[in-house]
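2 protein chains.
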Amino acid sequence: MAQMDLWFTERQNENLSIGMRIKETLHSEVTEFQGMDVIDTFQYGKMLVLDGCVMTTDKDEFVYHEMLAHVPMHTHPNPKKVLVVGGGDGGIIREIVKHPSVEKAVLAEIDGRVIEISKQYFPHIASGLSDPRVDVQVADGIVHVQEHENEYDVILIDSTDPIGPAVGLFAKEFYASVHRALKDDGIFVAQTESPFKDPDLIRRVHEDVSSLFAQTHLYLAYIPTYPTGMWSFTMGSKRHNPLEAANELRVKDTRYYTPAIHKAAFALPRFVEEIFRR
Amino acid sequence: MAQMDLWFTERQNENLSIGMRIKETLHSEVTEFQGMDVIDTFQYGKMLVLDGCVMTTDKDEFVYHEMLAHVPMHTHPNPKKVLVVGGGDGGIIREIVKHPSVEKAVLAEIDGRVIEISKQYFPHIASGLSDPRVDVQVADGIVHVQEHENEYDVILIDSTDPIGPAVGLFAKEFYASVHRALKDDGIFVAQTESPFKDPDLIRRVHEDVSSLFAQTHLYLAYIPTYPTGMWSFTMGSKRHNPLEAANELRVKDTRYYTPAIHKAAFALPRFVEEIFRR
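Line by line, the protein sequences are chains H and X. Quick note, the numbering used here runs 141 ahead of the 1-based positions in the first sequence. Quick note, the numbering used here runs 141 ahead of the 1-based positions in the second sequence.
Keep in mind the hints are simulated off the structure, nothing from the lab. Misleading hints may appear alongside valid ones.
Note that identical chains are pooled: a pair holds if it fits in a single copy or bridges any two copies.
Unchecked claim - Below, simulated PhoX-like cross-link-like pairs (lysine-lysine); rule was C-alpha separation at most 25 Å, straight line:
{"hint": "1", "residue 1": "Lys-221", "residue 2": "Lys-187"}
{"hint": "2", "residue 1": "Lys-222", "residue 2": "Lys-260"}
{"hint": "3", "residue 1": "Lys-338", "residue 2": "Lys-200"}
{"hint": "4", "residue 1": "Lys-338", "residue 2": "Lys-164"}
{"hint": "5", "residue 1": "Lys-200", "residue 2": "Lys-313"}
From a predicted model like this one, the values you see are computed outputs, not experimental measurements.
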């Protein structure tokens, strides 16, 4: 006897796919904003899928969450107030609240169902959401950023791909609002897709951020379940230089981030450097 | 009218696959040693497939070839004589002969058909094979290494996965032969699969190499068409330390390798460091 061979396939674009053999589908719904599925895979454990795209998995979620959170959090000398736009699974918040300096962390997630499903199926990822310093708001992050000025030390944009509900999170006017919402030594980081697959997006974001912030830096991390496995993050900083920071680890229990990785992540392969030079 | 939607799927293990939409199959044969196909893909251009596994592609071959070759070639102060075991496509040789110090480069590839097919379908990869300093031998690299002693400055192991014809290239006795074939300040590097997928292999190779060489170092590169996108290389060095080398670029025309990437590639995520500590 044998059970059927069941595979989830993500079409990463029209020419590229990744497939994982799955044990079962644990949850499936269409929320107000997007399709949302939870599957149990043999290779990567449980996996959250939004609009057909892998968002996070048990086995490799630590890379994305640590690298989006800890690089800016170690660049700022004393981050007290932090905003996460998107990130309803809670993984970024979990890393943020590891920092003793943090007094308040706001999560602005537009789709409340993501938060609820993460608490149910990914409690180890959602764990930080119950920290008393955390203010979870089911709200449009774009509006939240517009309504706050000179308030945050660090803002993190944990968005889906630049289609559907997240498209406004890749717009220059949004980055301008982020700039206003930051204090005068504030830092923001956004996930900005793959240099192998999305160089045009990275170039445009880099130009937009450079026109607003004193410093713009790109850094990289290895994420197996995201297209091409090479993922980029764009940082805009008003004052602090990430290459002069992070000489010691401020948090425990990292599995990817170290002070050496902090610096190494900014060393770009030549073809990635050239994305900005064209 | 529309043509059929044709996909190549590599089962990277029993639970994981990668798919590429293809234009056509250009070549297909079973050699004395392995299945060999050449396909034309929309995402990555032409692709060489051995025993069903992606070996090299037009679009991302530069990463693997530059990082396997230039890291040891910049670690050795004056590499004159170099051996490549495997690597019949010629990509490693192409990078080796960019170094002005090189007087002789030997290629020992067991499957002559790989060399011929690469010259036909990947002339930009095979280009270095016609350099007058290159000695192309259709031969078993294991035997070649056994028959040479105190001869090479740098030996590079450009193997397929540790199954089929390449299994002997991951054995401790082979590394001992490599050690003997190197001069007393020689360096070797082998491709050693993915830390996300093959930690046990990496640990075993690291232990075996450490028992033979004064220094053992692991470094990483982003390769989208290899499983998980994170690829590792294990270096055994008799004297020279790669972290104290490579302060300037000795070759032109790299697309991935830079002196900063050289150093950054040795900064390991914590979970990769821990592969050796267990």
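Results of checking the hints against the structure:
{"no.": "1", "hint": "Lys-221 / Lys-187", "result": "neither (33 Å within a copy, 51 Å between copies)"}
{"no.": "2", "hint": "Lys-222 / Lys-260", "result": "within (23 Å within a copy, 59 Å between copies)"}
{"no.": "3", "hint": "Lys-338 / Lys-200", "result": "both (23 Å within a copy, 11 Å between copies)"}
{"no.": "4", "hint": "Lys-338 / Lys-164", "result": "between (30 Å within a copy, 19 Å between copies)"}
{"no.": "5", "hint": "Lys-200 / Lys-313", "result": "neither (34 Å within a copy, 31 Å between copies)"}
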